[in-house]
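Line by line, the protein sequences are chains A and B.
For the first sequence, position 232 matches number 232 in our numbering, and the numbering has no gaps at all.
For the second sequence, position 169 matches number 169 in our numbering, and the numbering has no gaps at all.
It cannot be assumed that every hint is accurate.
What the hints assert, rightly or not - Calculated cross-link-like contacts (lysine to aspartate or glutamate; reagent style EDC-like; alpha-carbon spacing at most 20 Å): (1) K344/A with D34/B; (2) K330/B with E91/A; (3) K330/B with D346/B; (4) K330/A with D34/B; (5) K344/A with D291/A; (6) K330/A with D346/B; (7) K344/B with D284/B; (8) K344/A with D284/A.
Because the hints were derived from the structure by calculation, they are not lab data.
Number of protein chains: 2
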Amino acid sequence: MQQLTVDLGDRSYPIQVGAGLLEENPFFVDLVRDRSVAVVTDSHVDALFGGRIERLLGPAAHQLIRIVVPPGEATKCWDALDRILDRLLVERFDRQSLVVALGGGVIGDLAGFAAAIYQRGVDFVQVPTTLLAQVDSSVGGKTAINHPRGKNMVGAFHQPRLVVADSGTLASLPPRELAAGLAEVIKHGAIADAGYLDRVAEAMPRLRAGDGAALAEAVVDSIRIKAGVVAQDERESGARALLNFGHTFGHAIEAGSGYGQWLHGEAVAVGMVMAADLSVLLGDLASADRDRLRQVIASAGLPVRGPSWPAAHYLSFMSIDKKAERGTPKFIVLEAPGRARVRKVDPGLVALAIAANTG
Amino acid sequence: MQQLTVDLGDRSYPIQVGAGLLEENPFFVDLVRDRSVAVVTDSHVDALFGGRIERLLGPAAHQLIRIVVPPGEATKCWDALDRILDRLLVERFDRQSLVVALGGGVIGDLAGFAAAIYQRGVDFVQVPTTLLAQVDSSVGGKTAINHPRGKNMVGAFHQPRLVVADSGTLASLPPRELAAGLAEVIKHGAIADAGYLDRVAEAMPRLRAGDGAALAEAVVDSIRIKAGVVAQDERESGARALLNFGHTFGHAIEAGSGYGQWLHGEAVAVGMVMAADLSVLLGDLASADRDRLRQVIASAGLPVRGPSWPAAHYLSFMSIDKKAERGTPKFIVLEAPGRARVRKVDPGLVALAIAANTG
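In isolation and in its complexed conformation, chain A is listed as follows (with noise of 0.2 Å):
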């Protein structure tokens, strides 16, 4: 097992990657003792891990209940979070009750909101069990519901108390949902590491196999480049927002396509392009460096074109994105592999970089 901090002063907390983590783990059994405990988690990732993470946690707790929710984006809703509320009180579950979320982000997300606004907040623990999450989705404290009017409208920075990474867990995910992992830790490289960039070009083939060394690895180096990134700058008014790298072109993909038609990482892996296309525009990045990422995207399996929709239909999806202020969008943009920053652009050369990237 390799351990991680996540330095937030009193909110600092650990992050363990390593294989088996979910079958021995003296400091979440401690974690857990005399303590009310809910699992939240969707009926496919239940029935993996479901049962493993009750003998893991159970005898230790005071309770230990679970609570099964639908897979899928479409989850992270007022209805879905409601019954994660209904159910704790129903249970009479207490300010010292601990949720744990169990699953990728759209988990991670939808329990980590519960736990933030459950009698004003209690604690949680992170498990990802996909790579998207364990890359970076469970680090950081982000949680969020989507509105219909957009994605992660409603939610709250709260920081978990753990981080559990097992490696073992991505053995069971399908192609589909690695690749959208790999997105973020093509990001990860793209913002931050041009050699670390470069080492996950060269270590695709493995990592597209599943292999758990090569996937571990990946896990490790992408949470130090986030976790250094949040620690800088929790509640992201400045460096964090280049974590943002792609994302504002990728709401609007899952936005306008419905939420659950894309998987999140691929429609980062798009947004990535049409933003380092806008990067070229810009002036900013040199066309062979945005050559490579497209190169390197492809070469994970993701996609590297967005729906065939006009550059308008983009745009309106993205202007009451998160990162706007007072309607003028912002954009991070490349300088080079492993440098980014962030910018106000010209709705033009956004359509721009859209319509290069279409259909």
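Since the structure of chain A is provided, determine the placement of chain B on it from the hints.
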């Protein structure tokens, strides 16, 4: 104008107390300059002060909208919350936007919670227009909505950037609302400052008559006590719990009779009598001190007896209270006027304290 500060490091904020703060207020105007501002209020308060705040802030703001919800505790619900969030999205409010809570405790809790979760948190300003909100709920960052299974069960700690307590707004308060506010004034004296409790008792006729100077003095003294407690213990892991004196009983009265039948302050008034009686039963408080407290409460025009339900009915609404730990309720008891502490109490004694003060 008097100004106090809640000292919470980089989340510290000023509290302004005085007459005319909604007519001239350079600090408040500067805070909203060039920002999108949503004034959340109820129809009753809007009719009284909506125009005034729009005249004060409108010229400086980038845009200003008013979101008007129905008055009353029933408004602290999912539906009203979603209506506010939806409106903010329709108006394309971004993360730099600011929410102003204009009204009593219900509005402060609801609008504050909306600000806490809109795009993972935007700034908000409390403009309390009732005595209850000025002396208590507007300070400290507690926000929440009610759940059918319990009061304030869903919420967040989200500190305002500024509290504007315009004493002029209290002139419009009906006597019943004024009395409800005095319950929290009395509470602050009872738990933290015996001398203040004496001064309040002495000033009671002027306070009940709505004397501006007497009220402003009570507001300043109460806020000073509350701000000190909050600065020590922002998230209620220790000393802040003492501010809940009378509230466990009071919540049972509010929840058991359907939110809105009893005003919060009225329920707390009876709750304080029950809690003082419990303190006597435990041998912590002299019975003369309990009698004195009950007399001060009665002199404020507040009820001192709860609904004539069986004690078990009260208890059924207490065990899932947020202050409960694994079903054993904790209570704040008095050791003397001005001195309180938390202790776990046998439910049998609690039932006795209830039964002695109902009907």
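Hints versus structure:
no.	hint	result
1	K344/A with D34/B	holds, 18 Å
2	K330/B with E91/A	holds, 18 Å
3	K330/B with D346/B	holds, 9 Å
4	K330/A with D34/B	holds, 18 Å
5	K344/A with D291/A	violated, 23 Å
6	K330/A with D346/B	violated, 59 Å
7	K344/B with D284/B	holds, 13 Å
8	K344/A with D284/A	holds, 13 Å
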